[in-house]
Structures are given as structure tokens and as C-alpha cells.
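With these hints in hand, go ahead and build the complete structure from the sequences.
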Amino acid sequence: MDKIEILERVQEIFRDVFDDENLNIKRDNTAADIEDWDSLANINLVVAMEKEFNIKYIIEEIQVLRDVGDMIDLIYKKLELDNE
Amino acid sequence: MNEYKFNDINIGLGESFEVLIADGMMDSFKKITGDINPLHTDCNYAKSKGYTDRVVYGMLISSFYSTLVGLYLPGKHSLLQAINISFNVPVFIGDRLIVYGEVTYINEAYKQLEIKAFITNQNNKKVSKAKIKASLYE
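For the record, the sequence lines run as chains A and B. Residues in the first sequence are numbered from 1 upward in steps of one, following my numbering. Residues in the second sequence are numbered from 1 upward in steps of one, following my numbering.
Since the hints were made in silico from the structure, they are not lab data. Quick caveat, the model's predicted, so the values are computed rather than measured.
Pairs of lysine to aspartate or glutamate residues, derived as EDC-like cross-links and limited to a Cα-Cα distance of at most 20 Å, are as follows:
1) B:K131 - A:E52
2) A:K51 - B:E102
3) A:K51 - B:E108
Calculated from the model, a selection of chain B residues having no Cβ within reach of chain A, i.e. all distances over 10 Å:
4) N7
5) N10
6) F17
7) L20
8) I21
9) Y45
10) K49
11) S66
12) F92
13) I98
14) N124
15) A130
Don't be surprised by glycine CBs; every beta carbon is placed ideally from N, CA and C.
Now the structure itself:
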């Protein structure tokens with residue numbers, strides 16, 4: 001799976017979590033760009049990504065994420081490791 | 001009160017308890033919320049709408065999901081974060097309910113559980129269903 005496909009699937013997760021079908025995310029988006037992106041929404045995003053990509057996070061991985069791009073890169077890395 | 005810690009939890013862990021719906025609960029709920037809708041307060045009105053008696057407040061029934069999380073699953077170390085509830089069958093004073101919850105997903109990073117829960121009456125009918133998210137402090 002390439003990063004463009006990951007971004008498309010992550011976008012659907014964001015639309016579902018924030019209940020906004022018109023939401024378009026970009027790699028440099030942060031919590032400051034989406035009004036409802038609070039701590040509970042962040043947990044919902046993480047859980048939804050775990051389920052969507054069949055991966056598991058540890059808290060140390062999440063704490064260093066700065067933006068959507070970092071999220072996508074981490075998913076890509078985890079999927080690559082799974083395939084090795 | 002149960003005191004499950006995060007490492008004690010596994011998918012499929014379930015807990016339940018029984019509760020009898022008493023008249024006094026309806027009075028207390030009415031006082032707290034100010035909800036004086038006649039469906040809950042006037043027996044004749046409720047009967048005119050096709051029910052056998054006053055209908056118990058749905059949110060009173062759903063308050064037992066708080067008890068489920070806070071006392072049983074996981075218990076003392078919990079923090080309730082979200083509930084999605086449906087009310088499927090009306091509940092009446094005197095009904096004997098079983099509240100049941102089962103862990104369906106565990107998020108390690110945030111120590112959050114997803115719990116599938118439901119409440120059945122004495123006739124084994126599901127009166128309410130819920131999807132609960134709760135985290136653990138320990």
C-alpha cells in the first residue's frame with residue numbers, strides 16, 4: 001500500500017470521526033486546523049486507524065506525531081514492517 | 001466494586017448485575033432532570049398512548065451503564081468516555097433488568113476499552129443496547 005492510498009483511507013477515518021463528509025485533510029494538517037480535534041477525538045482517530053489498517057500503536061509512537069503526514073508515515077512504516 | 005487493572009483485561013471479559021426498577025427511582029429522576037413529560041409521570045396518559053403503565057425514562061435505564069463501567073467493568077480505575085445508546089423496548093416500574101457488558105476491543109496506547117453492552121428485562125427482551133468507550137487509570 002502506498003502513502004497516497006493510506007492518505008485516502010485516513011481521510012475517510014477523519015470524515016467519520018469528525019462527522020464531516022466534506023472534510024479534506026492534507027499532510028501538514030494538525031489539531032489546530034480542525035476545531036473538534038480534542039483529546040477524545042485523538043483517541044477515536046488512533047483506534048479507528050488501528051482497526052482500518054490492522055495495526056497496533058504504543059503511546060510513545062503517538063506522542064511524537066506532529067501532523068497528519070507523520071500519522072501516514074507511521075502507518076506506512078508499520079505496514080512495511082508487517083510485510084517483512 | 002471490581003478493581004480490574006489494564007493488564008487484567010482481555011477481549012471477551014464480561015460482567016453483569018441485576019437491578020429492580022422501583023417507583024422511587026422515577027421520582028428521583030424527575031426531580032433531578034425536571035423531565036415531567038406525561039408519558040413518564042401520568043399513568044392514564046401513558047395508557048392512552050398504548051402502554052400498560054408509565055414508561056420508565058430511557059436515560060434512567062441508561063444510567064446503569066455508568067454503574068456497569070464504574071463498579072463492574074472495569075470498575076474502580078475507570079473513566080467513562082463515550083456511550084452510543086439505543087432504547088429498543090419500553091421499561092416499566094417493577095421490571096427486573098440484567099445489565100451486561102463485554103470487552104470487544106482494547107487500545108493499548110490510551111488504555112481504552114470498547115464494551116458492547118445491553119440490558120434485558122425479566123422476559124429476556126433486550127430493552128437497550130450500547131457501545132461504550134472507557135479508559136483505565138491503572
